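Quick note, the sequences are listed as chains A and B, same order.
Using numbering that gives the first Met the number 0, you'd call the opening residue of the first sequence number 0 and step up by one each time.
Using numbering that gives the first Met the number 0, you'd call the opening residue of the second sequence number 0 and step up by one each time.
In short, the hints are calculated from the structure, not lab data.
All values derive from a computational prediction rather than experimental measurement.
Even for Gly, the Cβ is constructed at its ideal location relative to N, Cα and C.
A portion of the hints provided could be inaccurate.
[Unchecked claim] Stretch by stretch, here's where chain A covers chain B in the computed footprint (C-beta under 8 angstroms, at least three residues): (1) 56-68; (2) 71-79; (3) 155-167.
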Amino acid sequence: MISPADSQSVGIVTPQVVHFDTPLPLACGRDLPAYDLIYETYGELNDQHSNAILVCHALSGHHHAAGYHSADDKKPGWWDECIGPGKPIDTNRFFVVSLNNIGGCHGSTGPSSLNPDTGKPWGPDFPPLRARDWVISQVRLADYLGINCWAAVIGGSLGGMQAMRWSLEYPERIRHCIVIAAAMKLSAQNLAFNEVARQAILSDPEFAAGRYQESDTIPAQGLALARMVGHITYLSDDAMASKFGRDLRSGTLEQGDESHAEFQVQSYLRYQGSQFSGNFDANTYILMTRALDYFDLAREYDNDPAAAFRQAQCSFLVISFSTDWRFSPQRSREIVDALIAADRPVTYAEIEADEGHDAFLLPLPRYVDVFRAYMQRVGVED
Amino acid sequence: MRLDLKHIQRWIDPDSRVLDLGCGDGEFLEFLRDQRQVRGTGLEIDQDNITAAIARGLNIVEQDMDQGLANFPDQSFDTVVMAHALQAVHFPDRVLDEMLRIGRECIVTFPNFGHWRCRLYLGTRGRMPVSKFMPHSWYNTPNIHFCTVKDFEALCQDKGIRILARDVVGNTRRQPLLAGNWPNLFATTAIYHITR
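Pulled out of the complex, with its shape left as it was, chain A reads as follows (with noise of 0.2 angstroms):
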């Protein structure tokens, strides 16, 4: 088991609060006129500020990515196994810089803090974001811990997308892209269980407009039923097959019992619908599946994923998972072949995994082993 004291674990943590006063201009052209951001750090900074590393988070991640809050804190952070000493972020060598995004709810400036205009919380009235949007913001950051340079910038899924989006407008200031299990935008298929999940929140009466806040209420159901859907596509349906099967948490098939059988696969989900709905911000779960629904990195070069990669000027390592189908090896495979077209050094690996999109939070050997040896040729000297 793993614990604070673990050689292995970054230790206790405590976030850190900046705020900031200028105005961030965004995507939709209005500005956000003054924000927190809450981040934690793990490692050391070197004197040339030169080992520096994002991470950026997913759909319902935060900044909360490596050890633990208190000695007696369960579960470590979210990306606890790929963070630390001697882990492929290996914390002996960088300095890694985690954000919850604005847009957010646990710290940063999102749909859930005050509206200094109206006093009230923003809800619903937040700005809608861009993926491009938190990479200012991010930007921001990293003026503010004097990074000039990240040696580099990692993310799966959502974070994928951030951190592709930072190669292409900041070139001079990554050196590492690091894109895991994302994709260059939005399927259909995707862009429809996002939809789903909005109507869900939007349709549980206690979202009041969005506005639940100022009316003292959860959309509890709303936000359950939404992570429902998302989880399924989290799993593969071989993951779903092994944990559960068709196992019956209660009741009978049995001929001649009326009494309504359970299955273990019910009862999993609205667990996990329910831990979520405790602790997440419906508001910031529409602006979050709004963003990646938006995200489209070549829309700005002429649809032309080669022109947009010939805007970057790092090495790139691009991963997938065989079982993921939210975002497959093709999408991958996409992102390989247009930094391949626009002459880009790429390395690429597809993992094979039974734990479809889920599994880049996981410590699957062959993944841990491609990132770690990727990860040796990541400099700290600039």
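Once you have looked at the hints, place chain B on chain A.
This is chain B only, laid out in the frame that chain A set:
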């Protein structure tokens, strides 16, 4: 380094771009990078080889040649190398076409099935040759398209492929002479530098 790779490195210009199809653990690309300042990309499908090649700091793409190479633009590399893989692909002729589309020049090496030992083995025992170098049985061998020196040159002629140079590896010290003069009988490995 494997003998055929030692032979071909002199055909690769310093500072050039090399695509190595079936790059193994990347030993050759690493050599070219460190000794010739070559910018290389490797294609490989074996997991352990991929990790080893990544650990050498090389750019490696996990891709199966049999699924095509259409993602590589025309003439995007100076040299495309395929060492000891021609006999293992599903469509050697199509792979050659693709190599010549992607690279200005190509280098191909393959085991010569016309070698006298192969002929003797098949001729006297009446069974498919099995050796230390080619240890598989006919039913489980990855080498599904064996050819001879003559076969390869006939294919080049049919396709209008120009042979810039031919080199051979014999299996003993005395044999370079024999292999040079009668490659189809004495070359264990045939090495071709080709272009369109």
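Hints versus structure:
no., hint, in the structure
1, 56-68, "holds (count 7)"
2, 71-79, "holds (count 3)"
3, 155-167, "violated (count 0)"
Checked against the numbered hints listed earlier, the structure breaks hint 3 alone; every other hint is satisfied.
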